[in-house]
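Each chain, letter by letter, is given below.
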Amino acid sequence: MKENILIIGGGAAGMEAATQLQKMGLTPIIVEKSENLGGHIAQWDRLFPAFHPAKDVVDQMLSQVKDIKTYLNTEVADIQKDNDGFHAVLSNNEKIDAKAVILATGFDIFKAERKQEYGYGIYNNVMTSVELEKFFRTGKDERINNPKKIGFVHCVGARDVKVCNTYCSKVCCTTALKQACEIKEVFPDAEVYTFYMDLRMFGPGYEDLYLKTQKDFDVKCVRGRVCEVSENMDGKLVIKAEDTLFGKPLKMTLDVLILMCAMEKNKSIDTIQQKLGIADNSDGFMQNKDMYLGMNGTAQDGVFVAGACTAPKSLPDTIGEARSVATQVFNYINNK
Amino acid sequence: MNSQIFHPFVLPFVLGMAFVLTYCFVGLFKVILQLPKDDRRQFLRSLVTPKTAWANIRDLFGDCLFHVKIWKRNPLLGYMHSAIAFGWFMIIVIGHVMLFTLKPLEGVEVEGFARTFTNFYYPIFFKYFAEETPVFAFLMDFFLLMIISGILIAVAKKIHSKIVGVKRVTKFGFADNMIRFALWTIFPFRLIAEKTNIMAFWWLYSFDLLIFMFMLPFTRYMHIPTEALFILMRHAGLNAREPRKGYALAQLYSCPSCGLCIDACPMSVNDKMSGNTSAYFMKKLRNKDSEEAKRIAETCLMCGKCVMICPVSIESCDIKFSQRAAVPYEIHSDHSYLDVISTEAERSGEISSTKPKTLYFAGCMTQLTPKIMRAMQQIMESAGEEYDFLDKDGGICCGRPMLLSGKVAEAQAMIAKNTELIKKSGATKLVLSCPICYKVFKDEYHLEGVEIQHHTQYINELVKNGKLKVKKADVNYVYHDPCELGRAYGVYDEPREAIENVGNLLKAKSEKELSICCGGSLGSFNLTQKERDEITSNSVADLMFNNPDEIVTACPLCLKTFARKSPVPVKDIAELFVVHQA
Numbered sequence: 004m005k006e007n008i009l010i011i012g013g014g015a016a017g018m019e020a021a022t023q024l025q026k027m028g029l030t031p032i033i034v035e036k037s038e039n040l041g042g043h044i045a046q047w048d049r050l051f052p053a054f055h056p057a058k059d060v061v062d063q064m065l066s067q068v069k070d071i072k073t074y075l076n077t078e079v080a081d082i083q084k085d086n087d088g089f090h091a092v093l094s095n096n097e098k099i100d101a102k103a104v105i106l107a108t109g110f111d112i113f114k115a116e117r118k119q120e121y122g123y124g125i126y127n128n129v130m131t132s133v134e135l136e137k138f139f140r141t142g143k144d145e146r147i148n149n150p151k152k153i154g155f156v157h158c159v160g161a162r163d164v165k166v167c168n169t170y171c172s173k174v175c176c177t178t179a180l181k182q183a184c185e186i187k188e189v190f191p192d193a194e195v196y197t198f199y200m201d202l203r204m205f206g207p208g209y210e211d212l213y214l215k216t217q218k219d220f221d222v223k224c225v226r227g228r229v230c231e232v233s234e235n236m237d238g239k240l241v242i243k244a245e246d247t248l249f250g251k252p253l254k255m256t257l258d259v260l261i262l263m264c265a266m267e268k269n270k271s272i273d274t275i276q277q278k279l280g281i282a283d284n285s286d287g288f289m290q291n292k293d294m295y296l297g298m299n300g301t302a303q304d305g306v307f308v309a310g311a312c313t314a315p316k317s318l319p320d321t322i323g324e325a326r327s328v329a330t331q332v333f334n335y336i337n338n339k
Numbered sequence: 007m008n009s010q011i012f013h014p015f016v017l018p019f020v021l022g023m024a025f026v027l028t029y030c031f032v033g034l035f036k037v038i039l040q041l042p043k044d045d046r047r048q049f050l051r052s053l054v055t056p057k058t059a060w061a062n063i064r065d066l067f068g069d070c071l072f073h074v075k076i077w078k079r080n081p082l083l084g085y086m087h088s089a090i091a092f093g094w095f096m097i098i099v100i101g102h103v104m105l106f107t108l109k110p111l112e113g114v115e116v117e118g119f120a121r122t123f124t125n126f127y128y129p130i131f132f133k134y135f136a137e138e139t140p141v142f143a144f145l146m147d148f149f150l151l152m153i154i155s156g157i158l159i160a161v162a163k164k165i166h167s168k169i170v171g172v173k174r175v176t177k178f179g180f181a182d183n184m185i186r187f188a189l190w191t192i193f194p195f196r197l198i199a200e201k202t203n204i205m206a207f208w209w210l211y212s213f214d215l216l217i218f219m220f221m222l223p224f225t226r227y228m229h230i231p232t233e234a235l236f237i238l239m240r241h242a243g244l245n246a247r248e249p250r251k252g253y254a255l256a257q258l259y260s261c262p263s264c265g266l267c268i269d270a271c272p273m274s275v276n277d278k279m280s281g282n283t284s285a286y287f288m289k290k291l292r293n294k295d296s297e298e299a300k301r302i303a304e305t306c307l308m309c310g311k312c313v314m315i316c317p318v319s320i321e322s323c324d325i326k327f328s329q330r331a332a333v334p335y336e337i338h339s340d341h342s343y344l345d346v347i348s349t350e351a352e353r354s355g356e357i358s359s360t361k362p363k364t365l366y367f368a369g370c371m372t373q374l375t376p377k378i379m380r381a382m383q384q385i386m387e388s389a390g391e392e393y394d395f396l397d398k399d400g401g402i403c404c405g406r407p408m409l410l411s412g413k414v415a416e417a418q419a420m421i422a423k424n425t426e427l428i429k430k431s432g433a434t435k436l437v438l439s440c441p442i443c444y445k446v447f448k449d450e451y452h453l454e455g456v457e458i459q460h461h462t463q464y465i466n467e468l469v470k471n472g473k474l475k476v477k478k479a480d481v482n483y484v485y486h487d488p489c490e491l492g493r494a495y496g497v498y499d500e501p502r503e504a505i506e507n508v509g510n511l512l513k514a515k516s517e518k519e520l521s522i523c524c525g526g527s528l529g530s531f532n533l534t535q536k537e538r539d540e541i542t543s544n545s546v547a548d549l550m551f552n553n554p555d556e557i558v559t560a561c562p563l564c565l566k567t568f569a570r571k572s573p574v575p576v577k578d579i580a581e582l583f584v585v586h587q588a
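Residue numbers (this note's numbering), protein chains in the order written: chain D, 4 to 339; chain S, 7 to 588.
Hints should not be assumed to be uniformly reliable.
Each pair of labels, with its calculated beta carbon distance range [what the hints assert, rightly or not]:
hint : chain 1 : residue 1 : chain 2 : residue 2 : range
1    : D       : Ser327    : S       : Asn510    : 53 to 61 Å
2    : S       : Ala479    : D       : Lys339    : 24 to 32 Å
3    : S       : Lys515    : D       : Gly250    : 45 to 53 Å
4    : D       : Asn95     : S       : Lys515    : 52 to 60 Å
5    : D       : Asp237    : S       : His452    : 32 to 40 Å
6    : S       : Asn276    : D       : Lys165    : 19 to 27 Å
7    : D       : Asp237    : S       : Asn276    : 48 to 56 Å
8    : S       : Asn510    : D       : Ser285    : 33 to 41 Å
9    : D       : Asp219    : S       : Ala479    : 31 to 39 Å
10   : S       : Glu457    : D       : Lys218    : 58 to 66 Å
What the hints contain is simulated information worked out from the structure, not anything from laboratory work.
Nothing here was measured: the structure is a model prediction, and the numbers come from that model.
Note that CB positions come from ideal geometry on N, CA and C, so glycine has one too.
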């Protein structure tokens, strides 16, 4: 039984699903639009809650998919469904026939420029969590110049009706605390503040990380949103926020401000998604069949979803979904 | 001709007429008595002031009879309305002229009260009682047919409103539908009665008049007598102070529920939201449905398009403000911080009152869009202006949000402090990059000796007098008129003139006074984000009509709102003049 399964997206979800499907005796084919496999996680330095190097996980995944047929720098240009299954045309004009399709297209990072009041792209020393992670990986960023005072803003582009994203992006709370500890490791003398609405420490070991952040790293967590950022004469950032526990407005001068940008649906797949007849849910992500037993299914028979294309998800969530989607696809092929 | 002076079929008409006249006179006195003392004096004085008296006469004819404003917008609708109103007016006038020139009652023994009584119904049923001359007969038939032609258009509009270019019409209840049916049948009945002299039609004609006049006070047709009073009050310069009293009451009864504001309203993107339009607000408030009136008053975006388009010139936004002010909200704000705020110049003690100085007030919304603030700073630097910020380090709100929610005293506290700061600065010009601020500074502040400019006007002036050097690029722009700048102050030309110096200006589908609200307006308290998004998408589509490369706004709130939905970059006008500097 050598049935082709087309997997769109070569991030954590796509790679893990491919690995499992191959073990089940099917033929997964990965189509990845960028030049590398690994997706967002390959851009990450260490993972919460235990500061585990992301590279370890990514390398393991890569070694497992090395025999799987993979197209890099390639997108799906067109897709049709008939009684034989799916017929896709790739951007390199190659044609692929597959019995099932897995959408593992993941997420995009919220464009911080859209939250203009935080000054990203306007003031030099405002950066995103993704850029900070790159700094941890490479040790280089001209904005980080022995800072004395550093701030993190949670929920940038999440839980915010003003940018039309009302959902929680799930991983940014824990990521912020992880990054706060890490920057404190690099600059032990710096004061580090995080500005949060709620801290959603939902996973195993996450709450411990929160306590550790405060006890061992002396990070100050302030409950309240930053409302406005401006730049003073010295190029430092002046932020205004409200400390809702004290019930008082506060003003603070910072050297660097990190914006914890939310996940949004990866829209580069929208035309293919529409062709397959899959709608978006109210958060703008892809709509799966249901939240429970049908979480990997879609409105289109033979099209499956895994990972952050349906909602913001952590890496463990994504791996779990990738494994479950493989089972679903296996059953689908066998029961046909 | 029937040689008699009375027939019982006139009684329904007489009864109806007596009722409606009594009602109108009582109402007239009620409205005038409800006016605050000063307003009443102002109103009575305006009646004898030659200038307002002339405007009164002009508009009484122009608006009530000829419906000039509807003609301008939609000639077919204009004809429909004036055919009915003017035609009816003319047959009443001609009826009276005939009574007094043909003297049909000469030689008949009627004196005193009976004589007066006949005058009351004779012109209405003239042809039953007396002979017309051919000229009068022609005139009467002509105007009667004119009315009927208007009614035919009205019937067509009822069946399919798009025939007359109207998408959505007001939805009516039983009473309004019934009186409309009565109105439509009055004139055909009269025509048949006059031509055939069948008694039944004279009775039907008279009964129709009774129904019409008896129902008049309880339906939208009350606008016919009330509009005259409203025109006089409007020319007297009154303001609506309470939602259901005095001037506001006169306006409520003057609204004909024509529904022209429904298609104009930015909320009419779907059926549900079109129920939030002014036509319904006026109806609900008039019918004392206070829950709904309160809800609509708080939902309105206050963009002012309905006021602009209204053929009766009803100031519905003002009535909504008064409705908002009438609701006691449980907010107690603390303004003690006002005492300790000072400008930077004040703190450093460098106040120069000798040199002309420009004061820039960014306001809360521009503080949240730092790109605009930065661009303004760069423009003022390049132009070599001597300027200062009024609120660089966090200033005081202009007061408009408080005014929008009807909190006048709170707003006045902020206005007083800002006035003090501006006066102390010694500036001669105040520049604002937010139309919301611009409106309040223009309307509510008393800043003698300080010129108030919106940054579109300021930038245009800097380019015109050569202080700011720019070069034209091959970029296609479309400009969105912010409600508070355009409809409120007619600032349409300066921003366009300015943009043409740096790029090509394309037209939007709806422009200038017809510009559509961005959907982000502070005016509304309770529109959901989804509803606002629908309004925004519609407005963006309107701007994208000619496929521009970029959308240019002149309001930080419009900028933020459009940026969420626009397929092309959205920029504030100030940003253009940084990019295209020579």
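To see whether the hints hold, each was checked on the structure:
1. Between Ser327 (chain D) and Asn510 (chain S) the beta carbon distance is about 55 Å. The supplied range of 53 to 61 Å therefore holds.
2. For Ala479 (chain S) paired with Lys339 (chain D), a C-beta distance near 59 Å fails the hint of 24 to 32 Å.
3. Taken as a hint, the range 45 to 53 Å holds for the pair Lys515 (chain S) and Gly250 (chain D), whose Cβ atoms sit roughly 48 Å apart.
4. Checked against the given bound of 52 to 60 Å, the beta carbons of Asn95 (chain D) and Lys515 (chain S), roughly 41 Å apart, lie outside it.
5. Taking the beta carbon of each, Asp237 (chain D) and His452 (chain S) are about 39 Å apart, inside 32 to 40 Å as hinted.
6. At roughly 22 Å, the beta-carbon separation of Asn276 (chain S) and Lys165 (chain D) lies within the given 19 to 27 Å, and the hint holds.
7. Hint check: Asp237 (chain D) to Asn276 (chain S), Cβ distance near 51 Å, so the stated range 48 to 56 Å holds.
8. The hinted range of 33 to 41 Å is satisfied by Asn510 (chain S) and Ser285 (chain D), whose Cβ atoms lie roughly 40 Å apart.
9. Taking the beta carbon of each, Asp219 (chain D) and Ala479 (chain S) are about 55 Å apart, not inside 31 to 39 Å as hinted.
10. Here the CB-CB span from Glu457 (chain S) to Lys218 (chain D) is close to 59 Å, well matched to the stated 58 to 66 Å.
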